[in-house]
Structure formats: C-alpha cells, structure tokens
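J.: Respectively, the protein sequence lines represent chains A and B.
Per our numbering, the first sequence starts with residue 10, numbered consecutively.
Per our numbering, the second sequence starts with residue 10, numbered consecutively.
Hints were generated in silico from the structure; no laboratory data involved.
It cannot be assumed that every hint is accurate.
Any copy, or any two copies together, can satisfy a pair, since identical chains are not distinguished.
Said to hold, decoys possible - With a straight-line Cα cutoff of 30 Å, these simulated DSSO-like cross-link-like pairs (lysine-lysine) come out:
| id | residue 1 | residue 2 |
| --- | --- | --- |
| 1 | LYS189 | LYS95 |
| 2 | LYS36 | LYS189 |
| 3 | LYS266 | LYS12 |
| 4 | LYS185 | LYS97 |
| 5 | LYS95 | LYS184 |
| 6 | LYS185 | LYS266 |
| 7 | LYS95 | LYS12 |
| 8 | LYS12 | LYS185 |
| 9 | LYS97 | LYS184 |
| 10 | LYS266 | LYS184 |
| 11 | LYS184 | LYS36 |
| 12 | LYS189 | LYS97 |
| 13 | LYS266 | LYS36 |
| 14 | LYS97 | LYS36 |
| 15 | LYS12 | LYS184 |
| 16 | LYS95 | LYS185 |
| 17 | LYS266 | LYS95 |
| 18 | LYS97 | LYS12 |
| 19 | LYS189 | LYS266 |
| 20 | LYS266 | LYS97 |
| 21 | LYS36 | LYS12 |
The structure presented is a predicted model; accordingly, all values stated were derived computationally and were not measured.
Listed here are the chains, written in short residue letters.
Protein chains: 2
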Amino acid sequence: MTKRILVTNDDGVLSPGLLALAQEMRKLGDVTIMAPDRNWSGGGHVKTLDRALRVREFRLEDGSQAFASDGAPSDCVALATLGYFKEKFDIVVSGINFGANLGHDVTYSGTVTAAMEAVIAGIPGVAVSLEIPEGHGNATDFSASTYAARVAVENVIAHGLPEDTLLNVNIPFLKKEEIKGFRVTRQGLRVYHSRLDERVDPRNRPYYWIGGDAPTGVPEAGTDVGALAEGFISISPLQLDLTAYRALSDVSTWEWK
Amino acid sequence: MTKRILVTNDDGVLSPGLLALAQEMRKLGDVTIMAPDRNWSGGGHVKTLDRALRVREFRLEDGSQAFASDGAPSDCVALATLGYFKEKFDIVVSGINFGANLGHDVTYSGTVTAAMEAVIAGIPGVAVSLEIPEGHGNATDFSASTYAARVAVENVIAHGLPEDTLLNVNIPFLKKEEIKGFRVTRQGLRVYHSRLDERVDPRNRPYYWIGGDAPTGVPEAGTDVGALAEGFISISPLQLDLTAYRALSDVSTWEWK
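Bound conformation, chain A alone (with noise of 0.2 Å):
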C-alpha cells in the first residue's frame, strides 16, 4: 500500500533543505508538506496551547503545494496527526536541517522534537539533519542528505521502529560519493562555546544576546559526532524514556524524608 508521509522542518516552509526532503521522499510514497512559515531552530519541543495556530497554503519552488502554520515544528506534527488532514500518516519525516543535531542538541532542535511528536501521537518519526560548517550557510548540494533520508525511511517502512523510539539522522558535509557509508551511533558530547554578549541599545537599556562559537563535539567512537568526523552518516535511535536506569538504585539509597 501507498505510504502517507509527512514532512516537515524547523528552517521554515520555504528552506531549500524542505524541498529536497520531499521530492525524494516522493519516491516512497505520498507527501504532505506541513511546516513552521518561519525559522523555529533551537525552539524545543513545544506544544501550543496559550493561544491559536493559523494554516497557510504555499506553493514550494516545484510548485508542489505546502501547508504552513504558525507553530513550532511540534506544533505543525500536531496539527497534521490530530485531523487538520483527513489521512492517517505512516511516517513522519522532519529535515533536511541546515546544521547537524548531535549530542545535546536534540532536546533543543526543533527537527529532532518535531520527530518526538510524531512518536507520541504513535506514528515512526526520522529526522535528517546536514551537518554545515561555518561560513557555509548558502549549501546547497543535498545529495547525500536525501541519500540519507530515503535509506532510513525505507529502512523504517521495512522494519517499523521499535515503540517509543525516533531515528536520528546527522549527514556530514560531504558531496555524496565522499560519504565513507553509515554508522549506528548513540548520542555523543555536543561541547557549547555559548558566551553572553551584553549591547546598549540606542536608549541606554542593556540587552543581551547568546553569542560565542558554534558549538563542536568529543569525536569518540560509536557516537553520532564521531561518525560525522569520519565521514559516515550518523543514525542514532533515540527514545523518549529520559529515566536515568543506571542512577536509579543509587538515588534510592540516599534518605528521603
């Protein structure tokens, strides 16, 4: 049967990376394009209750047509799963992000968390970020992202993902036939150079900014950062369960009353 496949992003509706995600992901089944109608990088997992989200219809470069609403990308997953379309989604695909989504960075990437709501509301979520090196904004080859996005998909359509679970895809910048294959990785050490920068606006108020270095990662192996260094395309199965297994019998030892 004909996959339903939803895609979406957090660059916002227009990105170049949203329609090399979908156009290749037509080749797996049917699209439906519903995506934030501006940036949500680094906006979290949210959930929109404090106020009402609109829909917008687009037409992308292709011509093809988009939804767009004024939410985060969780939001647009929300959406498009509770009834905003008529079809029921067999997979939930967010991406291709400009920058990679490694280490800490899940739980503020608002591809990755749009993939966390897809796997709440019970459906596979995969999200497909491409790592981009600084000054290299205007990228624009994703071959070897879309590459990528349609080995996992395919990969999900044929295994299904274990409950609870979303897969996270991070592609190094490398033109395709430089990508060295694939790693399964676990989640690895994202290290924030983040630095407050304090302004004084023309009024004589402070205002401060979160500046400092992008942030780099540890390299080790077996990790999704790792992976990246080496040239692989990095998949890492995350899950939503956050519990800290190997901490629990200790904190039970300690006195609670």
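Assemble the complex: chain A is given as a structure, and chain B must be docked to it using the hints.
T.: This is chain B only, laid out in the frame that chain A set:
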C-alpha cells in the same frame, strides 16, 4: 560553604509557586531568582539565538528581589549561568510548577528543560512540579511541594548528581500530612487526549486550537505516574542521553546502503 541556589520556573516570575520555592530554598543557601516574565508552559527546551533577551528587575510579594527575562526558562538559566550574575551557582531549582510533569511531559516542560539547561551548564538541576487536578488552578497550599523540594535539594547537595542527570520531582495534590512518602521512579506513560478544535474568526478565516481533555497517565508501579496515583512524591532521575540503547543492535542489522 553557603550554597548558591538559582531558582527559576516556567509559570513566570510572579507565580506563587516560584515565591514558595524561593522562600524554602533560602533555608539551604543564598537564593537568586531569574525567571521568565510570562508563562512559558509547554514551551520546550529553547535556546533563543535569533533575538536578544531583556532582563527586568521585579520585587516579589515578600519584598525579595527577582530578575525576569523575556526568554524561556532555559534561556533564564543560560543568562544566569553565562554571566548575567557574577556568582557561580551550585544548583538550579525550577518550580514549583502548577501541574505535574510526568511521562512524556518532560521534553515539553519548561520546568524540566530549565533543569536540563542547568545540567548542560555542568550544574545539578532539580525540577519540582505539583499535580493540579482540573478545577484547582488557584491552589495555594505548597507545603508538600516545598517539603519535597527541600528534601530533594538537600540530597543533591549531600550526594551530588551523576553527570548528565537531573531530578524530576512531582508532588501529588495532597496536604503535606497526607503524603505517604517518597518513591524513586522511572518515567511513566502519559496519555494525551489532544484534539484539534477548529473555529472561524469574525473575518471567516479558520484557526485551530490544540484542545481536548487534560492528559492522564498509566499508573504503573515503579513509575512517576504510579507514585502520584498512590499518594507518594515521585523522584525520577532523568538523563540527557536519549540513545535508545536497546534498539542499537537491532537497528545495526538493517541494510544501511
């Protein structure tokens, strides 16, 4: 040495839950308050990078000084730990939230993601949330919650927390003397009853609320949901490593090319 405690929340700087928490934490150390200037419930793990943040000073009901930013709870923690204040904090405590944060709530929750942000900054984080049954939105009895917060924070001060770990504390809606005790738990299963509620504005344009009944949960023994259902305070150690370790070997056997 006197502990330096940062208190934040996601209901906003003027929430009585924040005041109750700050007053209780003063028994354990020096308290600094930096919280959002408005309600951020369901706002997720935000890192605001596309705009600057403002900070205003407030006086709480008891006359104590508080700082409020126009960012998310996690932005407040970032501001506080990246240098808005000169001091380094020993612990970040977030709450007391109006409403439990159980099961899948944790990645949406501003209360919990504030504690996540602390952990990413290398500081122990504790999130404290009070179950609020429907129709009790004006609850003012924080005695069980402040008790739970104090015991949890004392324990964290005494024992530390494993790296990459935070404590998610949830309190049932009971008087302090009715509380049966503490349970160290794993993250349970939330059941959401969201429904899309389409309306039409005075200009005949549709808009959409994420509506439906309040979430419930599966009160399984050993879980946060189960503990609250039985009248216990729930203490769940959570980690920021979302790797689905049990899925790794299975996903590795898929065809990756």
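J.: Compare the structure with each hint and give your call.
T.: Here is what the structure says about each hint:
For the homomeric pair LYS189 and LYS95, neither the shortest alpha-carbon distance inside one copy (41 Å) nor that between copies (47 Å) is at most 30 Å. In this assembly of identical chains, LYS36 and LYS189 lie within 30 Å of each other by CA distance solely inside one copy; the values are 24 Å within and 57 Å between copies. Proximity of LYS266 and LYS12 under a CA criterion of 30 Å is satisfied inter-copy only: 21 Å between copies versus 53 Å inside one chain copy. Within a single copy, LYS185 and LYS97 get their C-alpha atoms no closer than 33 Å, and across copies no closer than 46 Å, so neither meets the 30 Å cut-off.
In this assembly of identical chains, the alpha carbons of LYS95 and LYS184 never lie at most 30 Å apart, being 39 Å within a copy and 46 Å across copies at closest. For a Cα distance limit of 30 Å, the shortest separation of LYS185 from LYS266 across copies, 12 Å, qualifies, whereas the shortest one inside one copy, 58 Å, does not. Only within a single protomer do LYS95 and LYS12 lie at most 30 Å apart by alpha-carbon distance; the minimum there is 15 Å, versus 55 Å between protomers. For the identical chains of this complex, LYS12 and LYS185 are intra-copy neighbours only, at 26 Å inside a copy versus 53 Å across copies, given an alpha-carbon limit of 30 Å.
For a Cα distance limit of 30 Å, the shortest separation of LYS97 from LYS184 qualifies neither inside one copy, at 35 Å, nor across copies, at 44 Å. Only between protomers do LYS266 and LYS184 lie at most 30 Å apart by alpha-carbon distance; the minimum there is 15 Å, versus 59 Å within a single protomer. Taking CA atoms no more than 30 Å apart as the test, LYS184 paired with LYS36 passes inside one copy only; the shortest distance there is 21 Å, against 59 Å between copies. Taking identical chains as interchangeable, the C-alpha atoms of LYS189 and LYS97 are never at most 30 Å apart, the minima being 36 Å within one chain and 44 Å between chains.
Taking identical chains as interchangeable, the C-alpha atoms of LYS266 and LYS36 lie at most 30 Å apart only when they sit on different chains, with a minimum of 16 Å there against 59 Å within one chain. Only within a single protomer do LYS97 and LYS36 lie at most 30 Å apart by alpha-carbon distance; the minimum there is 19 Å, versus 53 Å between protomers. In this assembly of identical chains, LYS12 and LYS184 lie within 30 Å of each other by CA distance solely inside one copy; the values are 29 Å within and 52 Å between copies. In this assembly of identical chains, LYS95 and LYS185 lie within 30 Å of each other by CA distance neither inside one copy nor across copies; the values are 37 Å within and 48 Å between.
Neither within a single protomer nor between protomers do LYS266 and LYS95 lie at most 30 Å apart by alpha-carbon distance, with minima of 52 Å and 34 Å respectively. With identical chains, the CA atoms of LYS97 and LYS12 are at most 30 Å apart within one copy only, with a shortest distance of 10 Å there and 52 Å across copies. In this assembly of identical chains, LYS189 and LYS266 lie within 30 Å of each other by CA distance solely across copies; the values are 10 Å between and 55 Å within a copy. For the identical chains of this complex, LYS266 and LYS97 are inter-copy neighbours only, at 29 Å across copies versus 48 Å inside a copy, given an alpha-carbon limit of 30 Å.
For the homomeric pair LYS36 and LYS12, the shortest alpha-carbon distance inside one copy (10 Å) is at most 30 Å, but the shortest distance between copies (58 Å) is not.
Checked against the numbered hints above, the structure violates hints 1, 4, 5, 9, 12, 16 and 17; every other hint is satisfied.
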